[in-house]
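Start from the sequences, fold in the hints, and give me the full structure.
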Amino acid sequence: MGFWGIEVKPGKTYPYHSDNVEGKLHVTQATLGLGSSSAERCILQCHVGHKSPIFLCSLLPDKNETCPLSLEFQSDDLVAFSVIGPRSIHLSGYFVANEGDGVLDDYDS
Amino acid sequence: MGFWGIEVKPGKTYPYHSDNVEGKLHVTQATLGLGSSSAERCILQCHVGHKSPIFLCSLLPDKNETCPLSLEFQSDDLVAFSVIGPRSIHLSGYFVANEGDGVLDDYDS
Amino acid sequence: MGFWGIEVKPGKTYPYHSDNVEGKLHVTQATLGLGSSSAERCILQCHVGHKSPIFLCSLLPDKNETCPLSLEFQSDDLVAFSVIGPRSIHLSGYFVANEGDGVLDDYDS
Amino acid sequence: MGFWGIEVKPGKTYPYHSDNVEGKLHVTQATLGLGSSSAERCILQCHVGHKSPIFLCSLLPDKNETCPLSLEFQSDDLVAFSVIGPRSIHLSGYFVANEGDGVLDDYDS
Amino acid sequence: MGFWGIEVKPGKTYPYHSDNVEGKLHVTQATLGLGSSSAERCILQCHVGHKSPIFLCSLLPDKNETCPLSLEFQSDDLVAFSVIGPRSIHLSGYFVANEGDGVLDDYDS
Numbered sequence: 000m001g002f003w004g005i006e007v008k009p010g011k012t013y014p015y016h017s018d019n020v021e022g023k024l025h026v027t028q029a030t031l032g033l034g035s036s037s038a039e040r041c042i043l044q045c046h047v048g049h050k051s052p053i054f055l056c057s058l059l060p061d062k063n064e065t066c067p068l069s070l071e072f073q074s075d076d077l078v079a080f081s082v083i084g085p086r087s088i089h090l091s092g093y094f095v096a097n098e099g100d101g102v103l104d105d106y107d108s
Numbered sequence: 000m001g002f003w004g005i006e007v008k009p010g011k012t013y014p015y016h017s018d019n020v021e022g023k024l025h026v027t028q029a030t031l032g033l034g035s036s037s038a039e040r041c042i043l044q045c046h047v048g049h050k051s052p053i054f055l056c057s058l059l060p061d062k063n064e065t066c067p068l069s070l071e072f073q074s075d076d077l078v079a080f081s082v083i084g085p086r087s088i089h090l091s092g093y094f095v096a097n098e099g100d101g102v103l104d105d106y107d108s
Numbered sequence: 000m001g002f003w004g005i006e007v008k009p010g011k012t013y014p015y016h017s018d019n020v021e022g023k024l025h026v027t028q029a030t031l032g033l034g035s036s037s038a039e040r041c042i043l044q045c046h047v048g049h050k051s052p053i054f055l056c057s058l059l060p061d062k063n064e065t066c067p068l069s070l071e072f073q074s075d076d077l078v079a080f081s082v083i084g085p086r087s088i089h090l091s092g093y094f095v096a097n098e099g100d101g102v103l104d105d106y107d108s
Numbered sequence: 000m001g002f003w004g005i006e007v008k009p010g011k012t013y014p015y016h017s018d019n020v021e022g023k024l025h026v027t028q029a030t031l032g033l034g035s036s037s038a039e040r041c042i043l044q045c046h047v048g049h050k051s052p053i054f055l056c057s058l059l060p061d062k063n064e065t066c067p068l069s070l071e072f073q074s075d076d077l078v079a080f081s082v083i084g085p086r087s088i089h090l091s092g093y094f095v096a097n098e099g100d101g102v103l104d105d106y107d108s
Numbered sequence: 000m001g002f003w004g005i006e007v008k009p010g011k012t013y014p015y016h017s018d019n020v021e022g023k024l025h026v027t028q029a030t031l032g033l034g035s036s037s038a039e040r041c042i043l044q045c046h047v048g049h050k051s052p053i054f055l056c057s058l059l060p061d062k063n064e065t066c067p068l069s070l071e072f073q074s075d076d077l078v079a080f081s082v083i084g085p086r087s088i089h090l091s092g093y094f095v096a097n098e099g100d101g102v103l104d105d106y107d108s
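Going down the list, the sequences are from chains A, B, C, D and E.
Just so we're aligned: the first sequence equals residues 0 to 108 in numbering that gives the first Met the number 0.
Just so we're aligned: the second sequence equals residues 0 to 108 in numbering that gives the first Met the number 0.
Just so we're aligned: the third sequence equals residues 0 to 108 in numbering that gives the first Met the number 0.
Just so we're aligned: the fourth sequence equals residues 0 to 108 in numbering that gives the first Met the number 0.
Just so we're aligned: the fifth sequence equals residues 0 to 108 in numbering that gives the first Met the number 0.
The set of hints was computed from the structure by calculation and includes no laboratory data.
Please note: incorrect hints may appear among the correct ones.
Because identical chains cannot be distinguished in the list, a pair is counted as satisfied if it fits within a single copy or across any two copies.
[Unchecked claim] Keeping only pairs whose Cα atoms sit at most 20 Å apart, straight-line, the calculated SDA-like set for lysine to any residue is:
| # | residue 1 | residue 2 |
| --- | --- | --- |
| 1 | 50 | 94 |
| 2 | 50 | 36 |
| 3 | 62 | 96 |
| 4 | 50 | 97 |
| 5 | 50 | 6 |
| 6 | 50 | 5 |
| 7 | 62 | 37 |
| 8 | 50 | 14 |
| 9 | 8 | 46 |
| 10 | 11 | 34 |
| 11 | 62 | 39 |
| 12 | 11 | 87 |
| 13 | 62 | 38 |
| 14 | 23 | 87 |
| 15 | 62 | 36 |
| 16 | 11 | 97 |
| 17 | 50 | 18 |
| 18 | 11 | 77 |
| 19 | 11 | 35 |
| 20 | 62 | 83 |
| 21 | 23 | 76 |
| 22 | 50 | 3 |
| 23 | 50 | 1 |
| 24 | 50 | 33 |
| 25 | 50 | 87 |
| 26 | 50 | 17 |
| 27 | 11 | 84 |
| 28 | 23 | 73 |
Next comes the structure, spelled out in structure tokens:
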């Protein structure tokens, strides 16, 4: 199913949704966007329901502007991403549709 | 089963527990929380029984505030996390319930 | 199928193509090329159709000149890579041909 | 089988041994210990027989004090770890016992 | 099959060869060797036939002296490693022999 990416812009919350395709999203990298020349850190956070958000990474302009992640989300996970700080964070990874889950189902048919 | 995250705050020990769901927890990232403006390092450590704790990562404010991890815990692992230093460390990852373990059990039924 | 690598040079867009072999490309590392002595950041971006490109990583001369990635592309993914900045970015990884997909096909024959 | 960790202290060599449990050890992170305030690098090395040791990572106090690894060791691997430098390096990861190897053995019984 | 490591010294090219054992080599880490006190970067490159070499990583003395890699090589891959710069780069990882490939062959016997 291939490449997946979004730009998480400041001041907005981005719910994860998988376009009605069952499968697993692998989020594997976060990279600071262009914009403000401030040296202020940008933090990517993940929201699950009404719990306190969890910080997924903290990127520092001109020092560490990218970092690997290794997160997996199911199609029915109710999560959302947002940024603390003045710049966007680009998330990238790949989506694997659920045919793999059916490997042994072949025996049933 | 999707996203998992906790904030490990200074001065407290957080035992891992899996809410009675059998499965495997993948802890894949550690990120410094907000707080003290001190430049002091924050170290995440893992406690197993009465052994000396093992350092899992060391985060440096304004230098390296996030790092990938690749740890796996079973539901019955008796471990606990704590922080040395003035700030929280956010841990994130994902939990995979044990249906995968039952792949070949289908043959028994 | 082994090693895969390309040099993504500034000012050009590099479509991914898999030489008519079905399989999966794993892109696992990005490294800054030689060239300009400028301290300007170089950003690797991925283009999918007419959507805004997604930043895959941001490399900083003399600070962070390499970073791990973990991207997977299918043979029929229509993506392209380009660089923002004065230097090349070398991408490396490995290609796995599709024989693995046929593991359970043995039962059909 | 869960969490695994050791503290590799300067001036000592630590052979890997798996407590007579067949399986695979995944060593996934190295983190600098506390101690000397010197800025001197600490290098983790792996010894195999009488060959020259191989450097596994190099940690820099106050700059890069932790790094991911991705090493796998079998129960019968004859390796040992040591440190060059004034501080300990904590290694962490997880051990997977060999039941996985027996997946298809179920057919024999 | 366990641990694998080589020291890639400046001024020499190191072809990969697998000692006639069929399998897959996972190269997972690169670490700067000791030596020259110069601050000059050291670049690890991979040669495939007569193509231009691809940079696999770039290590900076006293800044970033180690980095994770995630490369896989087959026994019959014709690749070679070399270094640009004054110091060695130590490569480490592990080799997995091809018994895994034969998992489903058990059905044939």
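I want to check one pair: residue 50 and residue 6. Are their C-alpha atoms no more than 20 Å apart within a copy, between two copies, both, or neither? Answer is between; shortest inter-copy Cα gap is 11 Å, intra-copy 23 Å.
Between the shortest in-copy and the shortest cross-copy C-alpha distance, which are at most 20 Å for residue 23 and residue 87: within, between, both, or neither? Classified as neither; 24 Å inside a copy, 30 Å across copies.
Is the C-alpha distance from residue 62 to residue 83 at most 20 Å within one copy, between copies, in both cases, or in neither? both (17 Å within a copy, 18 Å between copies)
20 Å Cα cut-off: does residue 50 pair with residue 97 within a copy, between copies, both or neither? neither (29 Å within a copy, 25 Å between copies)
Alpha-carbon proximity between residue 11 and residue 97, which holds within one copy, between copies, both or neither at 20 Å: neither (30 Å within a copy, 35 Å between copies)
Is it within, between, both or neither when you check residue 62 against residue 96 at 20 Å Cα-Cα? neither (36 Å within a copy, 38 Å between copies)
Could you figure out if residue 11 and residue 84 sit no more than 20 Å apart (CA to CA) within one copy, between two copies, both or neither? within (12 Å within a copy, 28 Å between copies)
Pop the pair residue 50 and residue 33 into one bin, within, between, both or neither, using alpha-carbon distances up to 20 Å. Result: close only across copies, 17 Å inter versus 30 Å intra.
Measure nothing new, just compare the shortest in-copy and cross-copy C-alpha distances for residue 11 and residue 77 to 20 Å and report within, between, both or neither. within (16 Å within a copy, 29 Å between copies)
Could you figure out if residue 62 and residue 36 sit no more than 20 Å apart (CA to CA) within one copy, between two copies, both or neither? both (13 Å within a copy, 17 Å between copies)
Quick one: residue 50 to residue 1, C-alpha cut-off 20 Å, is that within a copy, between copies, both, or neither? Close across copies (15 Å), not inside one copy (31 Å); limit 20 Å.
My question is about residue 50 and residue 18: at a cut-off of 20 Å on alpha-carbon distance, are they close within one copy, between copies, both, or neither? Only across copies: residue 50 and residue 18 sit 16 Å apart there, 25 Å inside one copy, limit 20 Å.
Violated hints for the displayed structure, listed by number in ascending order: 2, 3, 4, 14, 16.
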